[in-house]
Amino acid sequence: MDIEKKTYERPIIKPLNSGLMNKFGTRTEYAPKTHIDGVKVKDLIAEYGSPLFVMSERQIRENMQSAQRIFETRYPKVQFAWSYKTNYINAVCNVFHQEGSWGEVVSMFEYNKALKNGVPADKILFNGPDKTDDDLRTAVKNDSPIHIDHLDELYRLIEIADDMHKKPRVAIRVNMDTGIYPMWDRFGFNYENGEAWDAINKIMASGKLNLIGLHCHIGTYMLTPSAYGVAATKLSVLALNIKKRYDKIITYIDMGGGFASKNTLKGSYQLGTDAVPDIEEYAEQISSALLNAGFDTDELPYLYLETGRALVDSAGYLLGSVISNKRLSDGRRSTILDFGVNILFTAFWYDHKVSPAQEFSQYTEDTVLYGPLCMNIDVVRENVTLPPLNAGDHVVVHYVGAYNITQSMQFISLRPAVVMIDMKGVPHKIKSSETLEDVERNELLPSHLSTFEL
Amino acid sequence: MKIRKNIAVSDSGFIFNPLTGDSFSVNPIGQSIINSFQERKSDKEILDDILQEYRIDKNTVEKDLNDFIRMLENYKLID
Amino acid sequence: MSKPKYTIAVTGLNAIDSPGPGMAVIRSLKDAQSFDVRIIGLSYETLEPGIYMHEYVDKTYQVPYPSAGQEVLFERFKYINAVEDVDFLFPNFDAELFNYISLEKRLWDELGIKMSLPTQEQFEARHKVNLFDYGKEHGIKVPFAKMIFNTTEIPAIASELGFPLVIKGKFYDALIAHTPDQAMQHFNKISAEWGLPVLVQEFVHGAEVNVCGVGDSKGETIGAVPMRKLFITDKGKAWAGVSLDDKKLLDITRDLVQKTKWNGPFELEFMKTNEDEYYLIEINPRFPAWCYLAVGAGQNQIEALVNLTMGTKVIPFKDYEVGKMFIRYSQDMIVDMKEFEQISTLGEL
Numbered sequence: 001m002d003i004e005k006k007t008y009e010r011p012i013i014k015p016l017n018s019g020l021m022n023k024f025g026t027r028t029e030y031a032p033k034t035h036i037d038g039v040k041v042k043d044l045i046a047e048y049g050s051p052l053f054v055m056s057e058r059q060i061r062e063n064m065q066s067a068q069r070i071f072e073t074r075y076p077k078v079q080f081a082w083s084y085k086t087n088y089i090n091a092v093c094n095v096f097h098q099e100g101s102w103g104e105v106v107s108m109f110e111y112n113k114a115l116k117n118g119v120p121a122d123k124i125l126f127n128g129p130d131k132t133d134d135d136l137r138t139a140v141k142n143d144s145p146i147h148i149d150h151l152d153e154l155y156r157l158i159e160i161a162d163d164m165h166k167k168p169r170v171a172i173r174v175n176m177d178t179g180i181y182p183m184w185d186r187f188g189f190n191y192e193n194g195e196a197w198d199a200i201n202k203i204m205a206s207g208k209l210n211l212i213g214l215h216c217h218i219g220t221y222m223l224t225p226s227a228y229g230v231a232a233t234k235l236s237v238l239a240l241n242i243k244k245r246y247d248k249i250i251t252y253i254d255m256g257g258g259f260a261s262k263n264t265l266k267g268s269y270q271l272g273t274d275a276v277p278d279i280e281e282y283a284e285q286i287s288s289a290l291l292n293a294g295f296d297t298d299e300l301p302y303l304y305l306e307t308g309r310a311l312v313d314s315a316g317y318l319l320g321s322v323i324s325n326k327r328l329s330d331g332r333r334s335t336i337l338d339f340g341v342n343i344l345f346t347a348f349w350y351d352h353k354v355s356p357a358q359e360f361s362q363y364t365e366d367t368v369l370y371g372p373l374c375m376n377i378d379v380v381r382e383n384v385t386l387p388p389l390n391a392g393d394h395v396v397v398h399y400v401g402a403y404n405i406t407q408s409m410q411f412i413s414l415r416p417a418v419v420m421i422d423m424k425g426v427p428h429k430i431k432s433s434e435t436l437e438d439v440e441r442n443e444l445l446p447s448h449l450s451t452f453e454l
Numbered sequence: 001m002k003i004r005k006n007i008a009v010s011d012s013g014f015i016f017n018p019l020t021g022d023s024f025s026v027n028p029i030g031q032s033i034i035n036s037f038q039e040r041k042s043d044k045e046i047l048d049d050i051l052q053e054y055r056i057d058k059n060t061v062e063k064d065l066n067d068f069i070r071m072l073e074n075y076k077l078i079d
Numbered sequence: 001m002s003k004p005k006y007t008i009a010v011t012g013l014n015a016i017d018s019p020g021p022g023m024a025v026i027r028s029l030k031d032a033q034s035f036d037v038r039i040i041g042l043s044y045e046t047l048e049p050g051i052y053m054h055e056y057v058d059k060t061y062q063v064p065y066p067s068a069g070q071e072v073l074f075e076r077f078k079y080i081n082a083v084e085d086v087d088f089l090f091p092n093f094d095a096e097l098f099n100y101i102s103l104e105k106r107l108w109d110e111l112g113i114k115m116s117l118p119t120q121e122q123f124e125a126r127h128k129v130n131l132f133d134y135g136k137e138h139g140i141k142v143p144f145a146k147m148i149f150n151t152t153e154i155p156a157i158a159s160e161l162g163f164p165l166v167i168k169g170k171f172y173d174a175l176i177a178h179t180p181d182q183a184m185q186h187f188n189k190i191s192a193e194w195g196l197p198v199l200v201q202e203f204v205h206g207a208e209v210n211v212c213g214v215g216d217s218k219g220e221t222i223g224a225v226p227m228r229k230l231f232i233t234d235k236g237k238a239w240a241g242v243s244l245d246d247k248k249l250l251d252i253t254r255d256l257v258q259k260t261k262w263n264g265p266f267e268l269e270f271m272k273t274n275e276d277e278y279y280l281i282e283i284n285p286r287f288p289a290w291c292y293l294a295v296g297a298g299q300n301q302i303e304a305l306v307n308l309t310m311g312t313k314v315i316p317f318k319d320y321e322v323g324k325m326f327i328r329y330s331q332d333m334i335v336d337m338k339e340f341e342q343i344s345t346l347g348e349l
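Chains as they are written, first to last, in this note's numbering: chain X, 1 to 454; chain Z, 1 to 79; chain P, 1 to 349.
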């Protein structure tokens, strides 16, 4: 009888390493992840296929509510705006909107997506260096706050405003030295060299634009919360100078995004879960900088936050399956998975946590995890300690909710479906897997190329 | 397959190769395969034993067994 | 009055040619007059000599690498503590301190294990990459240093500071560069091993002098012994050293402990120039591998630290013997394969 037989585990032999201490060690992460929000990984794959992105509605709401609580207990006027580029599947966006988030977009494509989702236009923050005249006109007409990135845009917007006889609500994006590297000085106007103040003077002198906010976005995956304190202080100085010089009250300071999620950056010695600052630490820095800046109580600006990654990364999982195990020529074990860097773009900079989706014994092997693409760069993990996986076994990649779905490439194979597990533990398909028809929909074949003989 | 003489597998899955000075650890199934080799069982017999004892298909066992033997060769544990 | 008996866990059993401080800490604990000890060794590798030195280490447990994360480490301690009921823990590696500082409260609250560590803020502030600012804040000379993320910044720094330059890794390693090419080579080597940023530091000519000591978190220095290395191995480690009578250095040390309210053990590394100026090169928030010299010179700072942390009254050391030397030696232990098997397969010995 099959039932009587023992669970199989591949035979493994490991040399007992008598070499010197490897200071980076090996990460051990083989605790199995069999369920997501109470739903079996096995069942999800059986129903929706492999690979599969899974979003947890519960986790998104918890992250959002917790971040809101953390900021609101420290600062009286807080408004989050969902960063569309981080994950713009409509179902995901709408969970954030239901939690009270506005929209933050960096292109007309995203702008239209937010409008279509029902975000009121005056609650869509329009960021980014690439806004065409048409884009600007639309935003002006709809009264969306426009965050000006460079001088060309500033001049064009003044002309458009003049032309449309409408005074657009604007903010300028400011870049600055916050003591961290790299400095994101390619976006916005520089603080230290006076460029930002010049831009403000131009806006005020034109009389055509209604300067209501100041915006910055100091970097990504910021591990130094104090940099936010520096940034908030510098923006406050600008706001107070505007008040002093023009008697104009700046109604919001937008601190952008950049809070890190709990992923482990490549080359980092500590695990992300141990080393990454908590949202409290960012909140503490920002709120105390704003509260201590010297604003009159009734003129305290709103704090806008465009946090993306830190709110959604932990709510996303990528499920996949083992295609095969191989032995590399140097004796290392390698495991080929059915997903690669085409859909797990962040594998380029994170050592993603990868768990088996079934129970195992305590025996482990060091393994390279490869994706299925015929490309040498397709490496999911360069070295990971996992139990011996068999072909057909499933794995779960953690913290993939940010950027992977929006940046995934249709390359060599079709992109997988996305499922969201609701608050009651019921899975909903929120995006179907791609089909050949989807990919070819926009292709056109000239008639002389329609037939051939071989 | 013939495991080199003097190579002993302890109950804890520890292997010491007195010829080279290397030591290794194996999981229980690896341990029982080595024991079977020492009992002069053939690859075929070992494969049948595993299929008898575990819930697994023949192809997988064959592939894993070959890989395991290759590693034993690689580590100079068989003649 | 009967002496208390403490169970004390110690890491850093790698008493090899570039030794961890563990064995020196253990010898000091064994010398303690005010308490008896049972020593629990904590090892990362199976060949750390301390594992097999049963006259010093009563029992050893393998612990996960720091990079495996705090949860895994805490789980391991739950297991170890259930068997051993550990009173006190001495982390001895720089790379593991971050995790232990983060776990300090949980280890005490949930397992009753005490440690004596700097706060996370103190730990970060004295970090190599922040040391220059730290020195400025506390009025101590520190060689100018800059964190860099790529080699393009090297020429600018070189033209400002001149050669030689010291290129340092985030956690370990320091290499001296005499030319721009060397600086770039060192950058590449160090960043490959230790990641970014890499520190480029002004080279200070002089003699290295170090201080081993303990701060009580209220500003008082419990003990401090200065030492100069007499012989340095090719790995830059002291092979012999001598305790010094250096008032100025002790004053600088006490002043720093006072200003920073330093808690726990420390090693201060200074460069003393020909003009008798002291430049602080590094602060290690742990005992150094040569800490037994302090014991030999009359200050069992290790014992004092345990007493301080366990709530026993400690009178700060006032004196020590000048001119005491340490000369390190290595010897070959004879170990049975059975012991290696046991630590390798069971993770305990």
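Derived by calculation from the structure, the hints in this document are not laboratory data.
C-beta: ideal position from N, C-alpha, C; glycine also.
Don't take each hint at face value.
Subject to a maximum C-alpha distance of 25 angstroms in a straight line, what follows is the list of computed BS3-like cross-link-like pairs (lysine-lysine) [stated by the list, open to error]:
| hint | chain 1 | residue 1 | chain 2 | residue 2 |
| --- | --- | --- | --- | --- |
| 1 | P | K229 | Z | K76 |
| 2 | Z | K76 | X | K326 |
| 3 | X | K166 | X | K202 |
| 4 | X | K42 | Z | K58 |
| 5 | Z | K76 | X | K40 |
| 6 | Z | K44 | X | K5 |
| 7 | P | K272 | P | K229 |
Restraint ranges, calculated between C-beta atoms of paired labels, are given here [as the list claims (entries may be wrong)]:
| hint | chain 1 | residue 1 | chain 2 | residue 2 | range |
| --- | --- | --- | --- | --- | --- |
| 8 | P | E55 | Z | E39 | 52 to 62 angstroms |
| 9 | X | T385 | P | H138 | 41 to 51 angstroms |
| 10 | Z | E39 | P | E71 | 57 to 67 angstroms |
| 11 | P | T152 | X | D247 | 39 to 49 angstroms |
| 12 | Z | R70 | P | K105 | 42 to 52 angstroms |
For this session: Could you check the structure against the hints above and give me the numbers of any it violates, in ascending order?
Result: 1, 5, 8, 10
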